[in-house]
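Heads up: the sequence shown is residues 1 to 77, going by the numbering used here.
Worth flagging that the hints you see were computed from the coordinates, not collected in a lab.
Here the structure is a predicted model, which is why all the values come from computation and not from measurement.
Each residue gets a CB set at the ideal place from its N, CA and C atoms; glycine is no exception.
Some hints could be false.
Stated by the list, open to error - Between beta-carbon pairs, the in silico distance windows are:
#1 Val7 - Arg62: 38 to 48 Å
#2 Arg60 - Tyr8: 16 to 26 Å
#3 Arg15 - Glu41: 32 to 42 Å
#4 Gly16 - Phe39: 34 to 44 Å
#5 Arg62 - Pro18: 16 to 26 Å
#6 Glu38 - Ala17: 32 to 42 Å
#7 Glu69 - Phe13: 16 to 26 Å
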Amino acid sequence: MRLVREVYVFGSFARGAPQPGDVDLNVEFDRDDRWSSEFVEALSNGYDPRRVFRQALVGRKRGVSFMFEGAGSLTST
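Just need the whole structure built from these sequences, with the hints factored in.
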């Protein structure tokens, strides 16, 4: 979690939908040598390298969709 810089909520929940289907989160984070090493190890072993972020932010709850490093593609309408 020390690498997480910002978390944005977007999608229907952010727009105030009365019954959103899920919560969409974009996570902006920094990288360091440890992150790079764990990223490569996770990929080498067939694991999702970002699962650490997912579990730290929401545990094993369903109904949360993640985007990573996508703030540049999010636009306000």
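Is 16 to 26 Å a correct range for the gap between the Cβ atoms of Arg62 and Pro18?
With Cβ atoms ~20 Å apart, the hint holds.
- Item | Beta-carbon spacing of Arg60 to Tyr8 - inside the hinted bounds 16 to 26 Å or not | holds, 22 Å
message = Just to be sure I understand the hint, the distance between the Cβ atoms of Val7 and Arg62 should be within 38 to 48 Å; is that true here?
response = violated, 18 Å
Note to self: Tell me if the beta carbons of Glu38 and Ala17 are separated by a distance inside 32 to 42 Å.
What the structure shows: Taking Cβ atoms as reference, Glu38 and Ala17 lie about 36 Å apart, which means the hint holds.
- prompt: Given a hinted range of 34 to 44 Å, is it respected by the beta-carbon distance of Gly16 and Phe39?
  reply: holds, 35 Å
* Should the hint that Arg15 and Glu41 are 32 to 42 Å apart at their CB atoms be regarded as holding? -> holds, 38 Å
Review point. Within 16 to 26 Å or not, the Cβ separation of Glu69 and Phe13?
Key: Once the Cβ atoms are compared, 20 Å apart, the range 16 to 26 Å for Phe13 and Glu69 holds.
Violated hint for the displayed structure: number 1, the only one.
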